[in-house]
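S.K.: So you can see what is in the structure, the chains are spelled out below.
2 protein chains.
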Amino acid sequence: MLGLMQKWPLTCDRIIDHAARQFGNREIVSRSVEGPIVRTTYGQVAERARKVARKLTDEGLERGARIGTLAWNTARHLEVWYGAMGMGGVYHTLNPRLFPDQIAWIVNHAEDSALFVDLTFMPIVEKIASELKTVKTIVVLTDKDHMPESSLDLICYEEWIADAEDGFQWVELDEDEAAGMCYTSGTTGNPKGVLYSHRSNVLHAMIAALPDAMSLSANSVVLPVVPMFHANAWGIGQSGPMTGSKLVMPGAKMDGESIYELLDTEKVTFSAAVPTVWLMLLQYLADTGKKLPYLEKVVIGGSACPPSMIEKFRDLYDVDVIHAWGMTEMSPLGTLGPLKPQFADLPDEQKLEKKSKQGFTPFGIEMKITDDDDNEQPWDGKTFGRLKVRGPAVAKGYYGGAGADQFDDQGWFDTGDVAHIDSDGYMQITDRSKDVIKSGGEWISTIDLENLAVAHPDVAEAAVIGVSHPKWDERPLLVIVPKQGKEIEKDDVLSFMEGKIAKWWMPNDVVFVDEIPHTATGKIQKMTLRDQFSEYSFPDAGND
Amino acid sequence: MLGLMQKWPLTCDRIIDHAARQFGNREIVSRSVEGPIVRTTYGQVAERARKVARKLTDEGLERGARIGTLAWNTARHLEVWYGAMGMGGVYHTLNPRLFPDQIAWIVNHAEDSALFVDLTFMPIVEKIASELKTVKTIVVLTDKDHMPESSLDLICYEEWIADAEDGFQWVELDEDEAAGMCYTSGTTGNPKGVLYSHRSNVLHAMIAALPDAMSLSANSVVLPVVPMFHANAWGIGQSGPMTGSKLVMPGAKMDGESIYELLDTEKVTFSAAVPTVWLMLLQYLADTGKKLPYLEKVVIGGSACPPSMIEKFRDLYDVDVIHAWGMTEMSPLGTLGPLKPQFADLPDEQKLEKKSKQGFTPFGIEMKITDDDDNEQPWDGKTFGRLKVRGPAVAKGYYGGAGADQFDDQGWFDTGDVAHIDSDGYMQITDRSKDVIKSGGEWISTIDLENLAVAHPDVAEAAVIGVSHPKWDERPLLVIVPKQGKEIEKDDVLSFMEGKIAKWWMPNDVVFVDEIPHTATGKIQKMTLRDQFSEYSFPDAGND
Ligand SMILES: Nc1ncnc2c1ncn2[C@@H]1O[C@H](COP(=O)(O)OP(=O)(O)OP(=O)(O)O)[C@@H](O)[C@H]1O
Ligand SMILES: Nc1ncnc2c1ncn2[C@@H]1O[C@H](COP(=O)(O)OP(=O)(O)OP(=O)(O)O)[C@@H](O)[C@H]1O
Ligand SMILES: [Mg+2]
Ligand SMILES: [Mg+2]
Chain A
1 MLGLMQKWPL
11 TCDRIIDHAA
21 RQFGNREIVS
31 RSVEGPIVRT
41 TYGQVAERAR
51 KVARKLTDEG
61 LERGARIGTL
71 AWNTARHLEV
81 WYGAMGMGGV
91 YHTLNPRLFP
101 DQIAWIVNHA
111 EDSALFVDLT
121 FMPIVEKIAS
131 ELKTVKTIVV
141 LTDKDHMPES
151 SLDLICYEEW
161 IADAEDGFQW
171 VELDEDEAAG
181 MCYTSGTTGN
191 PKGVLYSHRS
201 NVLHAMIAAL
211 PDAMSLSANS
221 VVLPVVPMFH
231 ANAWGIGQSG
241 PMTGSKLVMP
251 GAKMDGESIY
261 ELLDTEKVTF
271 SAAVPTVWLM
281 LLQYLADTGK
291 KLPYLEKVVI
301 GGSACPPSMI
311 EKFRDLYDVD
321 VIHAWGMTEM
331 SPLGTLGPLK
341 PQFADLPDEQ
351 KLEKKSKQGF
361 TPFGIEMKIT
371 DDDDNEQPWD
381 GKTFGRLKVR
391 GPAVAKGYYG
401 GAGADQFDDQ
411 GWFDTGDVAH
421 IDSDGYMQIT
431 DRSKDVIKSG
441 GEWISTIDLE
451 NLAVAHPDVA
461 EAAVIGVSHP
471 KWDERPLLVI
481 VPKQGKEIEK
491 DDVLSFMEGK
501 IAKWWMPNDV
511 VFVDEIPHTA
521 TGKIQKMTLR
531 DQFSEYSFPD
541 AGND
Chain B
1 MLGLMQKWPL
11 TCDRIIDHAA
21 RQFGNREIVS
31 RSVEGPIVRT
41 TYGQVAERAR
51 KVARKLTDEG
61 LERGARIGTL
71 AWNTARHLEV
81 WYGAMGMGGV
91 YHTLNPRLFP
101 DQIAWIVNHA
111 EDSALFVDLT
121 FMPIVEKIAS
131 ELKTVKTIVV
141 LTDKDHMPES
151 SLDLICYEEW
161 IADAEDGFQW
171 VELDEDEAAG
181 MCYTSGTTGN
191 PKGVLYSHRS
201 NVLHAMIAAL
211 PDAMSLSANS
221 VVLPVVPMFH
231 ANAWGIGQSG
241 PMTGSKLVMP
251 GAKMDGESIY
261 ELLDTEKVTF
271 SAAVPTVWLM
281 LLQYLADTGK
291 KLPYLEKVVI
301 GGSACPPSMI
311 EKFRDLYDVD
321 VIHAWGMTEM
331 SPLGTLGPLK
341 PQFADLPDEQ
351 KLEKKSKQGF
361 TPFGIEMKIT
371 DDDDNEQPWD
381 GKTFGRLKVR
391 GPAVAKGYYG
401 GAGADQFDDQ
411 GWFDTGDVAH
421 IDSDGYMQIT
431 DRSKDVIKSG
441 GEWISTIDLE
451 NLAVAHPDVA
461 EAAVIGVSHP
471 KWDERPLLVI
481 VPKQGKEIEK
491 DDVLSFMEGK
501 IAKWWMPNDV
511 VFVDEIPHTA
521 TGKIQKMTLR
531 DQFSEYSFPD
541 AGND
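Just so you know, the sequences run in chain order A and B.
full-length UniProt numbering puts the first residue of the first sequence at 1, with every later residue one more than the last.
full-length UniProt numbering puts the first residue of the second sequence at 1, with every later residue one more than the last.
Looking at chain A on its own, in the form it has when it is part of the complex (with noise of 0.2 Å):
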C-alpha cells in the first residue's frame, strides 16, 4: 500500500526559493577577486541566478549540459551553481590547483558546454583554450571595468546577466537528475568524476545543517573556507541557503590574517577547512595574541586533524573543533565527531582522544570495515579494514565508467581508506589502502607511523611508504623533511618513536628529503613517493 503523501522533489530550485522567500535579506558576504567586500542577499542572489538560467538558454544549452566553473568562494560562483541547476544543467566545479593539462582533461572528459572563470583563473583558460573541445562560451566572473585582454572570444558576466529577463521559471525536473559534478582530487590516481543529484545534495544539505554535523540555522553565520570546488564546499553551498544562515564567502585569500579578519568583522560563528588554512590561522593568532570571541564550532577535515589543532581552539580559544571524514564520492560527509553524552564526564585527556577520530556516521550513512576478503570486522577499536559505505549522498559509480571494481552488489562503496571502529561507534582513519604497508600478512599505518614522526620537535612533515623487501614483503620507510634550520640524526628519530608503536611497525630506514610532494588539495602524494624511491631499497635488504 502507497502512503498518500505528496510528491515533491527533493531538487535545488526550491532551496534557494526557500532563501528567497524566508531569508531575502539574510547577507552573502564575499571578498571580490577584484579586491574590496561585497554585499549581497539570497533574494538577489536569487534573483541573479535566474538570470542566469535564463542566459544559459538562450547561449543554447540544454538540460543535462555540464557548466564548468573555475572560482573562488563568492556569491556569484552561487548564483552560477544555482543557475547552471535551474536551467537544468550541472555545475561542474573545476580545482583550479590542479595543472592546466590536468584542468583541461577533466573539462574534455566531462564535456562542458560552457566555463564560467574567475579573473585569477584567466592565465589557465588562456593557456588550455585551445585544448578544449566541447567549450562554447567563456564568461568570466566580473565587471565591464575589469575584463582582462584577450584574444579569446570572452563573455564579460555582469554585462551578460545586465539585459537578461526576470522571472525565468525554473525548470520542471526530477530529483534523480544530475545537478553536480566533481572530480577527486586525484590522490590515488586519475581524477574520477563523481554526478550529484538533485536529491543528493538536497538529503546532503539537510544532514550537514543538523546539531551534531554543522548546526546550521537562520541566526548562523558561515564562513566555508572550504573551497566551492572541493567537494561542494562540503555542502555549505546547499545547507546555508536552506537555513537561511548569513554566508562569509573568502574569494581568494586564505592566509590566516584575510581569514580572522572575515571571522571578526563578520561575527562568524561556524567555519569549515582543511587542517592546512587553520595552522595558518592559528599562528597568526599566536603572533599577534588575537582572539576568536565570535567563533563558536569549526568543522576540519580533508585529511587528518592533528589533536593538538582541536587542543588549542579549544583551550585558546574556546572553540569547539569536529572532526570529519568525507570523500567527493560522499558529497563529501561521511563521519562526524562530536561528543557522545557518553563521555560527558571523562577527563579532557581522554575526551580530546575521542574527538582527534575521525567521528562517527550521521543518519544517512552506513558504514562498515571489512578484510581482503569482504568479511565485515569488529568495531572493537583496533581491529582495522577498508572502510566501505551506503547512503542517498554517496555514488553508486562514477562519471563514464572508471573505478567500477569499487562497487558491489549490495550497495556498497569502497572508500579506499582503511580504518577501524570503535565500539562507540568512532571511527579512526589508519590509512588509504594503497598506502597501507603490509608487512609479512599483516597490516601497519602509515598514519599512525607519520603522526607519531610529526611529535618529534625537529620534524616538519613526514611521509611513510613502504617499499619491497625480500623477507617481509614490504617494510615502511620514513622520509622526513627537517624543519629549517634544523639537523636530525636517523637514530634520534627512531629512538623518539620506540616504545610508542609494536616493535614491528618500527621504520626499517629514515631518509632526509627537502619537500614531499603534494596533490592540488594538499594531500601528500605517495604514488609520487613512491615512484621517487623505486630503486630504493633497505640497508638490511640483502641480509635479512
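Mixed in with the good hints, there may be bad ones.
Identical chains blur together in the list; that is why a pair holds if it fits in one copy or across any two.
Said to hold, decoys possible - Once the Cα atoms are required to be at most 25 Å apart in a straight line, the calculated DSS-like pairs of lysine-lysine come out as:
{"no.": "1", "residue 1": "Lys368", "residue 2": "Lys434"}
{"no.": "2", "residue 1": "Lys500", "residue 2": "Lys351"}
{"no.": "3", "residue 1": "Lys438", "residue 2": "Lys500"}
{"no.": "4", "residue 1": "Lys368", "residue 2": "Lys7"}
{"no.": "5", "residue 1": "Lys434", "residue 2": "Lys396"}
{"no.": "6", "residue 1": "Lys486", "residue 2": "Lys434"}
{"no.": "7", "residue 1": "Lys312", "residue 2": "Lys351"}
{"no.": "8", "residue 1": "Lys267", "residue 2": "Lys351"}
{"no.": "9", "residue 1": "Lys253", "residue 2": "Lys368"}
{"no.": "10", "residue 1": "Lys438", "residue 2": "Lys523"}
{"no.": "11", "residue 1": "Lys312", "residue 2": "Lys368"}
{"no.": "12", "residue 1": "Lys490", "residue 2": "Lys503"}
{"no.": "13", "residue 1": "Lys486", "residue 2": "Lys523"}
{"no.": "14", "residue 1": "Lys253", "residue 2": "Lys434"}
Hint data in this document are derived by calculation from the structure and do not stem from the laboratory.
Computed from a predicted model, the values in this text were never measured in an experiment.
Given chain A's structure and the hints, the job is docking chain B with the ligands onto it.
M.R.: Same frame as chain A, but now just chain B with the ligands:
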C-alpha cells in the same frame, strides 16, 4: 542526465537501525502504565521491534496491514511502531480520547488487522470489540502479571514477544509505501485518515531535528508530552532515534507534578506539548516555587500559544518557547517561530510579538494565502486568506478519498485555516475557515477576539462564533466562561475590549455559560457551540 548517486530508500527501518548501531546504549525512560519508571535503550527497542515484526508476520499480517495502537507514550509503543513498519505494515495511532463509537468507526474505516492496547484503554476495547470488523489480534501492552480478566481473546505483549526468534530481517520497502496512519482530531467534522509514507516520515524527522525546529542531537534529552497518537508525537518518535536523543516518555501522567518530576530527574533539555499541558506545569511551578534548570527549549502548538505563556517561560524559567503550527495532514510540522536574526536587537515586547505568531516555514514546506477565488494574497502581515501548503510530508489526499476538494491540481492543500503572513515570513493563524465570521463581506478573526477576551482578569475561557444577522449576514457572539466564583457584566467585558480592536469587530452580544465544548485534543468545538446557539438571535437583529 541522471545523477550517479546511490538508491538508498528513505525508509523508517533505517532510522531504528541507525539508532541501534550508533546510539545503542542511549536510554528511553518511560513512566510505565503499570506504575514504575522503566528504562530501556535504542539497542533493546530495535531488538524487540524485530520480535514484534516477526510475531506480526507469524500472525499472518501482510505488507500494508494496518496495526492500530491505543497507547500512551512509552518505549513499548515505540517498539510496536518500528515492528509494524519493519514488517511492511502501517502503525495506526488511535486517539483514545475520542468516544468509543468514533474509535470503532475509525478502526473499521482503516480496516485495522491488529490492535495494541495499553491497560488504561481496555475498557474501550471491551466496549467496542463486538463492533470491530477486521481486527483479528488484540495485544495488551503489559506483562503476564498485569493481564486483565476478559472474555476477549487477548494476547499478553511480553509473553508474545518473549519466544520470538531474534534477527528478523526488515522487509525491503519502497520509500513511497505507507508507514503510518493517523486520523485528524475531528474539530470541524468527522476525523479523516492521513496515510504517512516512509519517505514523508524520514524527511519530516530530518526537518524536525534541525536547529531552528527542535534542534535534536545525541546530547538532547527529549520529553514528548504530545502523545504519539496526536500527529506522530510531532515527529519525535522518528527524529529521536535518528539523532540519538534520549527519550523520556510520560506514559499516562501529564499533570504538572508528574511532568515536572520527569523534567527534573531526567534532566530534560527539550519538550513539546499543547498549551494546556504547559498551563498545568506553570501552575504547578507557581504553586511550589520550583524551577527548570535543565530545560532549554519547548515547542508549543496544536492550538494558539498565549503570549503570556511565552513570556513566563522566558522570564521566570529561562526557557525558549518556539510557537509552532501544524496539522495531522502535515506530519505535522508546518511553521515554527524562532527569532530571525533581524530581530536580535528589538526590545523584549516586540520580540514577544514576533514569537507569538505561529512562525515561518522550514525548508520542505511551501505556504501561501489566497482569497476565496484562489488569488494569492500579499505577505503584509494584515491581509488574511486561506492558508495553503505543499511539501514532501504533506498529505495529497485522505484515506478513502474524503475531502478531495481540499487538494488542487497544483498540489496545494487547503489547510482550512485562515492566516496572514508578514513581510518577514511569519505566519499568524487568525481562524479556521469554518469559524471565520463574515460581516458585510469582510472577515473577522474569532481567535483575535478570544485572545482579547481571555485577557480580562475574570474570564476563564472565551469562544466567539458567528451568528446570522439580517443586515451584516453574520456578526460575532462572544461566549464566556467566568473564572470560578467571579461574576462579570456584559458591559464590563465589552468596555474592556473597546479601543483594542476595530470598532466593527466588537461582538454584538456576550453570553455567559458554565462550560465550552472541547474535542478529544482539547480544541474548542465550535460546531457544537454553533448548534447550541442555533436558536439565538441578537438583541438588535430585528431593528437594525
Ligand atoms: N579527517 C580525515 N582524516 C584522514 N583522512 C581524510 C579525512 N578526511 C578526508 N580524508 C581523506 O581524503 C579522501 C577524500 O579526498 P578527496 O575526495 O578530495 O579525493 P582523494 O581521495 O584525495 O583523490 P582520489 O580519490 O582521486 O585519489 C578520503 O578518502 C580520505 O583518505
Ligand atoms: N499554534 C497553533 N495556533 C493555532 N491553531 C493551531 C496551532 N497549531 C495547530 N492549530 C490548529 O490545529 C489544526 C490541526 O489539528 P489536527 O490536525 O489535530 O486536527 P483538527 O484540524 O483539529 O481536526 P479536523 O481536521 O478533523 O477538524 C490546525 O489546522 C489549526 O487549526
Ligand atoms: Mg578518493
Ligand atoms: Mg484539520
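S.K.: Evaluate each hint against the coordinates.
M.R.: Structure-based check of all given hints:
1. Lys368 x Lys434: Only inside one copy: Lys368 and Lys434 sit 18 Å apart there, 55 Å across copies, limit 25 Å.
2. Lys500 x Lys351: Within. Shortest intra-copy distance 20 Å satisfies the 25 Å Cα cut-off; inter-copy 57 Å does not.
3. Lys438 x Lys500: Answer is within: at 20 Å inside a copy they meet the 25 Å cutoff, but 82 Å across does not.
4. Lys368 x Lys7: between (33 Å within a copy, 18 Å between copies)
5. Lys434 x Lys396: within (21 Å within a copy, 51 Å between copies)
6. Lys486 x Lys434: Classified as neither: same-chain Cα gap 32 Å, cross-chain 83 Å, threshold 25 Å.
7. Lys312 x Lys351: Result: close within a single copy only, 14 Å intra versus 37 Å inter.
8. Lys267 x Lys351: between (28 Å within a copy, 22 Å between copies)
9. Lys253 x Lys368: neither (38 Å within a copy, 42 Å between copies)
10. Lys438 x Lys523: within (22 Å within a copy, 69 Å between copies)
11. Lys312 x Lys368: neither (32 Å within a copy, 49 Å between copies)
12. Lys490 x Lys503: Within one copy only: 17 Å inside, 92 Å across.
13. Lys486 x Lys523: Classified as within; 24 Å inside a copy, 78 Å across copies.
14. Lys253 x Lys434: neither (33 Å within a copy, 59 Å between copies)
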